[in-house]
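Enquirer: Guided by the hints, dock chain B onto chain A, whose structure is given.
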Amino acid sequence: MEIDHQASTVLRGTGISNGRNAGPLKFFQRAGVKASYTQTASDAAREWSRLEQACKESAERISALYQQALRTVGKEEAEIFAIHGMLIEDEDFLDALKEAVKDGKSAELALEEAVSRFSKMLEELNDPYLSARAADLRDVAAHIRRTLAGEEAINTHSSREPFLLVADDLSPSETVMLEKSMILGFVTFGGTPNSHTAILARAMGIPALVGVGEIDAIHDGAYALLDAADGTLTLYPTAEEQALFAQKQRRDDRIAQEHDRYLRGLMNKPAVTRSGHRVLIYANIGDTDEVRAALANGADGIGLLRSEFLYLGTTDYPSEERLFTAYREIAEAMEGRRAVIRTLDIGADKRIPYFGLPEEENPALGFRAIRICLSREGLFKTQLRAILRASAFGSLSLMLPMIVSLDEVRQSKRLLEECKEELLREGQTFDPELELGIMIETPAAAIMSRELAKEVSFFSVGTNDLTQYTLAADRQNPSLARLCDENREPVLRLIKMAADAIHESGGWIGICGEMAADLHLTQAFADMRIDELSVSVPYLLGLRGKVTECR
Amino acid sequence: MKQFSYCIQDKNGMHARPAGALANCAKRYTSSIKVSANGKSADAKRLLSLMSLGAVYGSELTFCIEGEDEALAAETLRAFCQNGFQPVSSSDKE
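For the protein sequence lines, the chains are A and B, in the order given. With the first letter of the first sequence counted as 1, position 344 gets the number 350 in this note's numbering; the numbers rise by one all the way through. With the first letter of the second sequence counted as 1, position 34 gets the number 100 in this note's numbering; the numbers rise by one all the way through.
There may be inaccurate statements among the hints.
To be verified - Derived SDA-like pairs: lysine to any residue, alpha-carbon spacing no greater than 25 Å straight-line:
{"id": "1", "chain 1": "A", "residue 1": "81", "chain 2": "B", "residue 2": "106"}
{"id": "2", "chain 1": "A", "residue 1": "254", "chain 2": "A", "residue 2": "268"}
{"id": "3", "chain 1": "B", "residue 1": "77", "chain 2": "A", "residue 2": "125"}
{"id": "4", "chain 1": "B", "residue 1": "93", "chain 2": "A", "residue 2": "66"}
{"id": "5", "chain 1": "B", "residue 1": "93", "chain 2": "A", "residue 2": "100"}
{"id": "6", "chain 1": "B", "residue 1": "106", "chain 2": "A", "residue 2": "66"}
{"id": "7", "chain 1": "B", "residue 1": "100", "chain 2": "A", "residue 2": "81"}
{"id": "8", "chain 1": "B", "residue 1": "77", "chain 2": "B", "residue 2": "95"}
{"id": "9", "chain 1": "A", "residue 1": "186", "chain 2": "A", "residue 2": "125"}
{"id": "10", "chain 1": "B", "residue 1": "93", "chain 2": "A", "residue 2": "268"}
{"id": "11", "chain 1": "A", "residue 1": "62", "chain 2": "B", "residue 2": "83"}
{"id": "12", "chain 1": "A", "residue 1": "186", "chain 2": "A", "residue 2": "25"}
{"id": "13", "chain 1": "B", "residue 1": "100", "chain 2": "A", "residue 2": "25"}
{"id": "14", "chain 1": "B", "residue 1": "106", "chain 2": "A", "residue 2": "134"}
{"id": "15", "chain 1": "B", "residue 1": "77", "chain 2": "A", "residue 2": "544"}
Think of the hints as simulated: they come from the structure by calculation, not from any bench.
The shape of chain A in the complex, shown without the other chains (with noise of 0.2 Å):
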């Protein structure tokens, strides 16, 4: 596009994260990476080794990129660096280099074969995304090419004045290298929303315009306006046009705030209703890497812990030693705040190889959680005792999942007992409070809730599985989706039954499903003096806001 110098242009492209910035527009000048080398050498074993010292140390820039991605960007964005490293130790792309050295070709002339082999597979595959792993594959082949020429990493654009980047497009390297604190705003010729410039720019929380097609490099340090919001980029501003965009600024910037007092408010105040109903707002956590997560956003406490991680990632049983360490280390980090474990839930869509389960017709219905511990006293003592002696450390709860009779409460109370008694004679300390409550995810468990509710001091209500075991509806599968979302009286009345026994006993109830997420059902659950809704973490916040406003 011609761009008149002075006169005002508006060029268009796709915005990313909503945000806005002004600036001079600073081009992005990639190290040259001398173009020509020798194609052709004699010495094949030589090549190969350079070839694998430079994939060696590519290998380790690249890691350096993952770990300083998962400080900037998070986990979820740094993956992509993570795919990198698995690239590079591809065994086909290995192959192609170590066959084209083999043929008399040159280190470089075999890295340009193989990558230019490799994006073009991934180019005529008939699916967008995965095209555009091309573009990561030739990231990757950069690193090693620079490495090869013996060139340090590129270039990081150092600048006293912040700039908006302009670029044809950025590799994720490039863009995780970049010194974020000058960059207002990235702008790229090229580029759509899912390229992973877009994706970071968006982790980042970085003002972001892509696909805006080629500008002239003339225009450098020109003044401009990126509203990611609308989409546009403003060269050469007027007077009047900054003037608006100066004026939408500030108008961000205010909501922004507005936003971040409300939220900040409420972290730390009780979740009330109008009618003065307390609600404690508990988090639903799988490893004990969340629980920091959930103290910064305000919980209450942990109103669902799934003990199943400490069993996962293993080839045998967790030792009593090792799930004690894990469970003391919660009840620590909660500093007093109360943390329900609920005791394993496996089976069903949950299996665990070494368990040795048997496959089943119908695993919702089968041989899970509960019941298994029942049936293996052993397992089930181990993680008993482990609770038990964590429960010195803090304020911990027990929760029995899938229950369905007053027997399965009995029989778990017994080895409760037991494991007490065995801890006693050991000299070991623990809680010997230890509340006790059960999960009501079954209709059984609803229907037996008053004599339940004799047994234990609290329900926590499952409404996943409550819903698919009421509703005789699986949840997961889409044609049913409907009906599940249009039945939910028959749930709520089971939830009323539970809470109401529960309430007459002197304990207390909350619900740990997806259900107290849900925001339209809050004010119905305060009606039925819900004493704690438990969510996942990003929910916390909104939900405690939610209550404050319910009658």
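Expert: For chain B alone, kept in the frame of chain A given last:
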């Protein structure tokens, strides 16, 4: 030899992340693990090979596993597929 099929449920198909996770999962076993789809066959332990299948939403993947630990590998991989191409973890729903 163990064999099973799985129809891809993820609307993104088998993109880089799931393919990488699958390769990592397959690498833990000594058995030879072949995956075929769309008339092409790939080595499940190799990322580029898996990506070259171009398996998309609805593609049927057929796993052929042969070797000493084939039973365990088949069971783990089947669970991996059914879990939406993620290592079977605690991300369950109550």
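Enquirer: Could you run down the list of hints and mark each one as holding or not?
Expert: Checked hints:
1. A threshold of 25 Å between alpha carbons decides the hint, and for residue 81/A with residue 106/B the separation of about 33 Å lies outside it, so the pair is violated.
2. Distance hint between residue 254/A and residue 268/A is fulfilled; the C-alpha atoms sit about 21 Å from each other, no more than 25 Å.
3. Taking the CA atoms of residue 77/B and residue 125/A, the gap is near 23 Å; set against the 25 Å cutoff, the hint holds.
4. For the proposed pair residue 93/B and residue 66/A, the alpha carbon gap of about 21 Å is at most 25 Å, so the pair holds.
5. The hinted pair formed by residue 93/B and residue 100/A meets the criterion: a straight-line CA distance of about 17 Å does not exceed 25 Å.
6. Restraint check: the Cα-Cα separation between residue 106/B and residue 66/A comes to about 33 Å, which exceeds 25 Å; the hinted pair is violated.
7. Between the alpha carbons of residue 100/B and residue 81/A the distance comes to roughly 30 Å, so the proposed pair goes past 25 Å and is violated.
8. About 28 Å separates the Cα atoms of residue 77/B and residue 95/B, which puts this hinted pair outside 25 Å; it is violated.
9. With a CA separation close to 30 Å, the supplied pair residue 186/A and residue 125/A exceeds the 25 Å bound.
10. With a C-alpha separation of about 48 Å, the suggested pairing of residue 93/B with residue 268/A is violated against the 25 Å cut-off.
11. Proposed proximity of residue 62/A and residue 83/B is supported: the alpha carbons are some 22 Å apart, at most 25 Å.
12. A hinted pair counts as satisfied when its Cα atoms are at most 25 Å apart, and residue 186/A with residue 25/A qualifies at roughly 15 Å.
13. For the given pair, residue 100/B sits about 46 Å from residue 25/A by alpha-carbon distance, which is inconsistent with the 25 Å threshold.
14. Straight-line distance between C-alpha atoms of residue 106/B and residue 134/A comes to about 19 Å, which keeps the hinted pair within the 25 Å bound.
15. Distance restraint check for residue 77/B and residue 544/A: the Cα-Cα separation of roughly 24 Å lies within the 25 Å cut-off, and the hinted pair is therefore satisfied.
Comparing the model with each numbered hint stated earlier shows that hints 1, 6, 7, 8, 9, 10 and 13 do not hold.
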